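Participant: All chains, please: the whole structure from these sequences, using the hints.
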Amino acid sequence: MAAARHHGDCQSRHHRDWRRCGHVVERHHHRVGHGGLVVLPLAFNLTGKRVLVLGAGRVAGSKIALLDAAGADITVITTEVLEPVPDSATLFVRPYQPGDLEGFQLVISATGVGAVNDLVVAEAKSRGIWLNVVDDPSRCDFYFTAVHRDGPVIVSVSTEGSAPALAQYVRDLVRSALPKNLSAVARRLRSERDSMHDEGISTESISWRARIDELVAEETTTD
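Each number in my numbering comes from the position in the sequence shown (counting from 1) with 861 added on.
Note that these hints are calculated values from the structure, not bench results.
Just to be clear, a hint being listed does not mean it is correct.
Claimed, not checked - Simulated DEER-style distance windows between Cβ atoms: (1) V899 / E1060: 36 to 46 Å; (2) V1035 / D997: 26 to 36 Å; (3) E1053 / G960: 48 to 58 Å.
What the hints assert, rightly or not - Cross-link-like lysine-lysine pairs, in silico, BS3-like; alpha carbons within 30 Å at most: (4) K910 / K986; (5) K924 / K910; (6) K986 / K924; (7) K924 / K1041.
Only a predicted model underlies this, so the values are computations on that prediction, with no experimental measurement involved.
Glycine included, each C-beta is placed from N, C-alpha and C at the ideal position.
Facilitator: Next comes the structure, spelled out in structure tokens:
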């Protein structure tokens, strides 16, 4: 049976630690992150996904390059083309118009114009579309990270949009500390896991650390 909640002065207590009120132990959660937000790092498969980029300046160009490498179906709307746009992208040289976000799954607004961003944010919210507003992390639904890739092995560092240069700095530190040929290690582990699955062996309870150490040592030696 659940304990009855006591009233009185207990109701006015708001603490981050555990505090007993009669027979009830209450915990007040403290959320961390930029502006009190909590982010969950995920890896998205963007192959064939429709993505809209507003702007084609230096920052937009770097985002477009990343999206293109990920296989996204990119549309660019911009008043000026200041950076190369890949041939695979659809390009419209004109200002943003309300309604442009229809049918897109991700939107990046890199116009640098506050009034335009306000309209884009409102439309994205009304349509339930994930939005990244460059240099305005408080209005972003997702952030771009500093990435190091070695085949299927990806290291991704985020500061939740607060300091991209710091994310790149940490990324570079991690990259310099990583062993070489991790892509080969990943491929060999994938092959071993697939073979075990084919034999009906579950790999969920296996401790892989010792095997990873062996493979890393082998690949470092053969490099």
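Participant: If a hint holds in the structure, say so; if it does not, say that too.
Facilitator: To see whether the hints hold, each was checked on the structure:
1. Range check, V899 to E1060: Cβ separation about 41 Å, and the 36 to 46 Å hint holds.
2. Separation of V1035 from D997 is about 27 Å and conforms to the stated range, judged on CB atoms against 26 to 36 Å.
3. As the Cβ distance of E1053 to G960 is approximately 51 Å, the hint placing it in 48 to 58 Å holds.
4. For the hint pairing K910 with K986, the CA-to-CA distance comes to about 19 Å; that is within 30 Å, so the pair holds.
5. Straight-line distance between C-alpha atoms of K924 and K910 comes to about 15 Å, which keeps the hinted pair within the 30 Å bound.
6. In summary, the hint linking K986 to K924 is supported, as the alpha carbons are separated by about 21 Å, within the 30 Å threshold.
7. A C-alpha spacing of about 27 Å is found between K924 and K1041, which places the hinted pair at or below 30 Å, so the restraint holds.
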